[in-house]
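Colleague: Protein chains in written order, with this note's numbering: chain A, 1 to 503; chain B, 1 to 503; chain C, 1 to 503; chain D, 1 to 503.
Hint data in this document are derived by calculation from the structure and do not stem from the laboratory. Because the structure is a prediction, the values reported are computed rather than measured. Take these hints with a grain of salt, some might be off.
Identical chains share a label here; the pair holds if one copy fits it or two copies do between them.
Here are the simulated SDA-like cross-link-like pairs (lysine to any residue), alpha carbons at most 20 Å apart as the crow flies [unchecked claim]:
hint	residue 1	residue 2
1	Lys349	Glu493
2	Lys459	Glu499
3	Lys36	Lys393
4	Lys171	Pro210
5	Lys452	Glu239
6	Lys459	Pro498
7	Lys361	Pro46
8	Lys459	Tyr501
9	Lys177	Thr228
10	Lys482	Phe401
11	Lys459	Tyr503
12	Lys459	Tyr447
13	Lys497	Gly347
14	Lys497	Asp252
Below, each chain spelled out in residue letters.
4 protein chains.
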Amino acid sequence: MTATADTTAGPQSRLQTRNGIDFAVADLGLAEFGRKEIRLAQHEMPGLMELRREYAEARPLHGARIAGSLHMTVQTAVLIETLVSLGAEVRWVSCNIFSTQDHAAAATVLGPNGTPEEPQGVPVFAWKGETLEEYWWCTEQLFKFTDEQGNIVGPNMILDDGGDATLLVHKGVEYEKTGVVPTVEDEDLTVSDEYRIILDTLRRSLGEDPQRWTTVASDIRGVTEETTTGVHRLYQLAEQGLLLFPAINVNDSVTKSKFDNTYGIRHSLIDGLNRATDVLIGGKVALVCGFGDVGKGSAAALAGQGARVIVSEVDPICALQALLQGYQVARLEDVVDQADIIVTTTGNKDIVTVEAMARMKHQAIVANVGHFDNEIDVAGLGRYPGIRRLNIKPQVDEWVFPDGHSIILLSEGRLMNLGNATGHPSFVMSNSFSNQVIAQVELFTKYEEYNKDVYRLPKHLDEKVAKIHVLALGGELTKLTKDQAEYIGVDVEGPFKPEHYRY
Amino acid sequence: MTATADTTAGPQSRLQTRNGIDFAVADLGLAEFGRKEIRLAQHEMPGLMELRREYAEARPLHGARIAGSLHMTVQTAVLIETLVSLGAEVRWVSCNIFSTQDHAAAATVLGPNGTPEEPQGVPVFAWKGETLEEYWWCTEQLFKFTDEQGNIVGPNMILDDGGDATLLVHKGVEYEKTGVVPTVEDEDLTVSDEYRIILDTLRRSLGEDPQRWTTVASDIRGVTEETTTGVHRLYQLAEQGLLLFPAINVNDSVTKSKFDNTYGIRHSLIDGLNRATDVLIGGKVALVCGFGDVGKGSAAALAGQGARVIVSEVDPICALQALLQGYQVARLEDVVDQADIIVTTTGNKDIVTVEAMARMKHQAIVANVGHFDNEIDVAGLGRYPGIRRLNIKPQVDEWVFPDGHSIILLSEGRLMNLGNATGHPSFVMSNSFSNQVIAQVELFTKYEEYNKDVYRLPKHLDEKVAKIHVLALGGELTKLTKDQAEYIGVDVEGPFKPEHYRY
Amino acid sequence: MTATADTTAGPQSRLQTRNGIDFAVADLGLAEFGRKEIRLAQHEMPGLMELRREYAEARPLHGARIAGSLHMTVQTAVLIETLVSLGAEVRWVSCNIFSTQDHAAAATVLGPNGTPEEPQGVPVFAWKGETLEEYWWCTEQLFKFTDEQGNIVGPNMILDDGGDATLLVHKGVEYEKTGVVPTVEDEDLTVSDEYRIILDTLRRSLGEDPQRWTTVASDIRGVTEETTTGVHRLYQLAEQGLLLFPAINVNDSVTKSKFDNTYGIRHSLIDGLNRATDVLIGGKVALVCGFGDVGKGSAAALAGQGARVIVSEVDPICALQALLQGYQVARLEDVVDQADIIVTTTGNKDIVTVEAMARMKHQAIVANVGHFDNEIDVAGLGRYPGIRRLNIKPQVDEWVFPDGHSIILLSEGRLMNLGNATGHPSFVMSNSFSNQVIAQVELFTKYEEYNKDVYRLPKHLDEKVAKIHVLALGGELTKLTKDQAEYIGVDVEGPFKPEHYRY
Amino acid sequence: MTATADTTAGPQSRLQTRNGIDFAVADLGLAEFGRKEIRLAQHEMPGLMELRREYAEARPLHGARIAGSLHMTVQTAVLIETLVSLGAEVRWVSCNIFSTQDHAAAATVLGPNGTPEEPQGVPVFAWKGETLEEYWWCTEQLFKFTDEQGNIVGPNMILDDGGDATLLVHKGVEYEKTGVVPTVEDEDLTVSDEYRIILDTLRRSLGEDPQRWTTVASDIRGVTEETTTGVHRLYQLAEQGLLLFPAINVNDSVTKSKFDNTYGIRHSLIDGLNRATDVLIGGKVALVCGFGDVGKGSAAALAGQGARVIVSEVDPICALQALLQGYQVARLEDVVDQADIIVTTTGNKDIVTVEAMARMKHQAIVANVGHFDNEIDVAGLGRYPGIRRLNIKPQVDEWVFPDGHSIILLSEGRLMNLGNATGHPSFVMSNSFSNQVIAQVELFTKYEEYNKDVYRLPKHLDEKVAKIHVLALGGELTKLTKDQAEYIGVDVEGPFKPEHYRY
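Isolated chain A (complex conformation) (with noise of 0.2 Å):
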């Protein structure tokens, strides 16, 4: 037994450091669970075997230090696994304090040979549940690789899922250079809790090193990121003049956004409300709020169940592919009286009103698979006089109203799929952690080619990744002749499609 506990308080008490490998999870005990189910999902994510196999030689991520902040899932563990076998060292957090699956962070650290004495995967930092505090510092962890001699060494690449990691670097460079980090007290307005743990951490690693997120930064040859909200704030920077090294917005490839938010969330969005209430959905009426790819896939899951869909929508071209997909699109406070199911996939913000909430019928059951909690008005529900929360299980909440009606609320407003069930399947993560190994392979090796902006990946590599997956299913492709290719102007081997084509 050669572990060593950290004994100081703090969250580096979780730290432990075996066979040479550092790293802080729940138990290492739950990591056979994860190795059975690491296996079964290696075989529904063919897009991240194929590319293992495609680069068995030439191991193209040789030298890459890769720092990972993406949901410590077994899907991620597959895709953690294929980064190692590509040839890159790795360490990982998750980008989420609940999102964590224990046993996939366990599995992770033993590797597929390990034992608990002798893990030989990847450090991982995560656990479900930590506190904002654990998170930043597990965050900080993933800029502390070692290099041969021994010295401590930042990566040169990030594979980022909201940016977060993103943001300590940017951040710790602009205070470096500043020259301090702010306190409270320095800055006129409202700093959020957690922004003032960012600043906390900033503050001590500056403590530590003074030139430390530079040095840090002056190694990254570029970052690839997974979501809306971490592009969103890519394409901030870079608009801004701030960014520091070229990103990847793996997001807004197709087999990303039209796959991920459709047909994962028509798979996951059933199977939370099924864990959560047991409830038959044939018969009942469903409201939908919002007719995006997610509202898409959410209409298509409860139809295809046998409810009655209705869908409120704010842009009428959304709105009329519902309507002319035979769904009755209507105004959330005109329908919401009649609805069983209501669902928010918006994006936006109070989507579901308390008010609407206080009209609902008895045991309606009001989920979120949008994004933040906020698409329901849980803080006004807390709020409303003489409701009372009777909690039914883990997740499943009864909110009664004073005149005794009550409404089911799911994953306390926020994200049912991920937190009534276990998020998308691994097929689908096949398809969206193959852009990310394409990407990260792209970047490393030809980051020359790139400047300080935000890319999309080509979609010759979007048409790749869905091939792979098409083969998968059993899939048989067509091929063009050259003299078809000509006809329509494109190469036998793609793309296929300009630029602005929907899909």
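Position chains B, C and D against the provided structure of chain A, taking the given hints into account.
Modeller: Just chains B, C and D now, kept in the frame of chain A:
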């Protein structure tokens, strides 16, 4: 604390008596959670709640002593409450050794307002995972009501699912008349283990009271039977002139067979697949064996999630329905190597042989929602040379063939919608249980009008059950004018269709 | 040119005789187009073609003289050819004054290899747009076969649709026995115009031969009846002990009622709407009145084109099915002002009243696929004060209410899938017509085994018809092992289900 | 009668002038029927009608002289009326020699209140079945407006579909500048027959007025273009710096490309199949070549009728969409012998080769809804040794191969939704035509803000068009609060999505 636990060996050690209620359940401490789920389920069982309202004053089951043998779940708890609210005394057991939900059993013993010290509910004898000895001991307890003088008396009604309570009475009477309960030596035929236990039970009970079962039988006004198997037994008894009291076949009410089987499975198949495997159903090839009511629901559910469904069928009429609904119809042996998900729905045996499983795709999922576990050759699988079984989690096993490919078998081949999910949702059960309540009232109050034969509920009662559930879903029914009713030769209040109408 | 046109006034002026074949059709010149369509239809009627092959040698209808009264369409032409190829002599009329396809009638007279000068086909007496006098004169011609000696003899089999041929025989025998055909003065009851014509027809025929109808009836081995209405009459006759020969009810074969009504309408409703109006169905609100077999097909068709379907229903069981399939269920009066398309499927009358039409949206489309034109109050529409009728094109009328809004009425309220499109497609008719052929063979060859009662075809023949069509669609049927068949208590060759099975 | 028919040979013999309106149509007698259909279509084109209301006072096209080249159908007639009601003077031709609906052309000339003697409508030069000479003569007439002084002047706006009107101007200017219209001998390249006719047309017109086309071009403020092909030409001209005036690409508005192609085809494919063949679609195997917008609509339509759909695709992203929606994806050559219906939707050529047709099932139906008739190798079919063509009815041919099997080819391989049915329904066209009107207003009133380049309509106008149609279908749009709009960074009135959003 007035509980008195019987300390003799055997099942009776489970027996407790508190506040005049005898019972044997896993843990009364689970009652609170059970109570919550029952409360939520009430809203989803409008048929039962409407019958409570309708009969609130009349209490037509006043004087009824009902012996109930039917899966002791949350939904059944709502059924039991309903029978009680209509005036009945009730005793209850599960009709399957695994199907009891312990929290539902506990809450039923406690009753809505009882406490663990002073339960006010119903005697339940059921826990998850009974042995067969325990099961038949429990069933025997059904027949021990107490009259006002404190004497043990039998029930005057049976509510049965599968016919085990009815079997015990009929076999008891048979052996009482022959004067001896056979032992294995008495009989030429091979006696199954379970039947041996039934004989032991009867021998013991007749040892206590040699006229026990004729006494019991003479009090019974009738039985209402829930399922195909039990109904089959009843018709056999009736044909042989051995049926001891009238029976109502609830199974073949339209609101039972065409709703349970199709819409219940449409819900719970998906649910079971998701909880067991988290595998994306969309894009997969699903082979559904059988296109009867259950197969129709299965295919709809899988297609609704974006799977490509292939149907195998024996009956050309059902096969033609499958084709005209857009499904491919093929023989299992011709397509089993293309399928990702294989679902049996036939009620027959040897549908998926071990040879078929040997030819399946790697990690193909094999699931049964038909009837018994012999639809899939689980026994053959265990005997396959060189095969290994890896348990992934409860009710999910990976069986690895010597060539390295594996299949994922759910619930060991037993009904996976019960084993991997929670069975039919409340709303679906509200339909069949409403038929049960109506049938109990009918037979209890009008038993003199019935012969010792098997009856179906008249169509107007089937329509009544449907009507309650239509209104609960917000549907509005059209009313025939007198003129219109005459024109098509029906009554304005129905029934609206001839007996042979197929829906 | 050997044709001899009867020059006397009345229908007989239509009568021609060429090459020993007597007939009365619109124009033999249409035969070539009819021939093409018949040839194409043969391929879509695999049931009939398979029966031709199966019985090619046995020719079990040799000696049969079949009087057929059924819409003289292309599909019926293939039926007639089939009966002939099985050995029968055939005479034919349409069972509806509008339903004859003149090119089909012409081609049937000509036969596959005939010429206008030397037709080699079947005597047909039918044209589009007969008067009622003509209609009954045609029907009378059914009974005038010629034997080898050139004597007029009656048929020995009837193939009926709606029962008019059967009616004529029964009424003829009735009045022959009473010795007088009543005139209007003889009877108290109000006699409809059509019945007056029937009486005239019988009076004339009995004038020619006073034993005509008892002679005819005595030869007839049985009748096979296609539809609900005809079957209803037969059951009435049987109950009154008046049925003169055995009857087979083809209508209630599963391969008739569950296929024709549902899948036939799913096809032809859409077809009729499109040909009549060219209005986009997607996005529209469609109200389907009735959710029986026809309503189920209608709703599926409209939803399949992207309409939002609302169902109105009287029968709560059917209403519950509609709800569980995701349709809204409402009363016509509550939603009629929201609907763009209103379809009646009930077989009842006064479903869409003129008051309802007065409240409809501008240019709402009103269409009937139920039964008679009284489902929609067309008569009331004509009497509405100030209403104007604008004919748009044949079978499409715009009725403009005084307030300026209009409705589009299709086919004057009669069956619009026939009036605005071409009725059920060949493949659907192949199912019911195969039942007809099988029923003819059964009754003709085994008539001695039947009493003067109404029979349904045994289930194994229903399954046989289904099997042929399954194979024609490329479906492959699974075969039960002997062991499996015993396990579920059926024969390996079927029938596979109990009589009361609902499919 | 003031009509003066030009008696010279050639197309000009069609030319008439009555009541100051010159025109060339098939038969003014068809105007009454055309008028009825236009009136009904108005209600189905709410976008156009709303624009009439909105601009009733402003009449923003006052002063516009629009040369329109777009299929002269009933829907186009409503478009023309709309342009006129906004103040424009209009001259019109069809952009396809077969696509004119003669009754629509006649009614457009007549105008709503005109008479054959005194038409009050618009000069139309179009009839069904023009020769190519006639076609280009008609197109030339577009450019002959008359000013108040009676002088011939050119248009100041073009509304184009396919770009032929724009082509004539550009080629005219080109040759005017080079000083000579080339003859075949002048050019090395092979000149198509059609191009030869264009050159003849230009030569004749420049013979009449050597500055004709520079004069015309100098007046034109811009062109709005309807389709892919025309847009493609415009982008080429713009890239080469040859574009003579600004252009708006209407084709790539979402409310055009994602609605026309998908929902229009979903309607009209089924319609064409039914009118052409009456074959039951349910139960059949349908191969859809291509899964772009048109393929998606085709597959939905066929599946909605109960066909089993197989998709062939080149583009793996579209193929993956097909799989995840439950369709089989295969290569044509692997499944063509299983398909009953083959539909091409690709816009490419040689999709269905004669070799493929030689291997098809007997009576397989081959239909194109893609683009040109070269999607199917019709020419190769005609050259196949021993093949016979049997015309069944207009636009329906049976081609019989020497081995006896035949295929049914619709519309000779041209767009069968136009050839066998009536094309896109009015409601769909209302979307694209509303974009046209808006684009005309935009360019006519703000042409000075535009360069000689190709523009897409701004998203808020796309959303405006959608909104009108949402409301027309009874949909109710939700309104963002100011707070919500800020939260997602949009204006409360939209546009609601970034440019790259895919819908």
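Colleague: Now look at each hint and say whether the structure bears it out.
Modeller: Comparing the hints with the structure gives:
{"no.": "1", "hint": "Lys349 / Glu493", "verdict": "between (43 Å within a copy, 17 Å between copies)"}
{"no.": "2", "hint": "Lys459 / Glu499", "verdict": "both (8 Å within a copy, 17 Å between copies)"}
{"no.": "3", "hint": "Lys36 / Lys393", "verdict": "between (27 Å within a copy, 9 Å between copies)"}
{"no.": "4", "hint": "Lys171 / Pro210", "verdict": "within (13 Å within a copy, 70 Å between copies)"}
{"no.": "5", "hint": "Lys452 / Glu239", "verdict": "within (10 Å within a copy, 30 Å between copies)"}
{"no.": "6", "hint": "Lys459 / Pro498", "verdict": "both (9 Å within a copy, 19 Å between copies)"}
{"no.": "7", "hint": "Lys361 / Pro46", "verdict": "between (44 Å within a copy, 14 Å between copies)"}
{"no.": "8", "hint": "Lys459 / Tyr501", "verdict": "both (11 Å within a copy, 15 Å between copies)"}
{"no.": "9", "hint": "Lys177 / Thr228", "verdict": "neither (29 Å within a copy, 53 Å between copies)"}
{"no.": "10", "hint": "Lys482 / Phe401", "verdict": "neither (68 Å within a copy, 29 Å between copies)"}
{"no.": "11", "hint": "Lys459 / Tyr503", "verdict": "both (12 Å within a copy, 18 Å between copies)"}
{"no.": "12", "hint": "Lys459 / Tyr447", "verdict": "within (19 Å within a copy, 35 Å between copies)"}
{"no.": "13", "hint": "Lys497 / Gly347", "verdict": "between (29 Å within a copy, 12 Å between copies)"}
{"no.": "14", "hint": "Lys497 / Asp252", "verdict": "both (15 Å within a copy, 14 Å between copies)"}
Consistency with the previously given hints fails for numbers 9, 10, ordered from lowest to highest.
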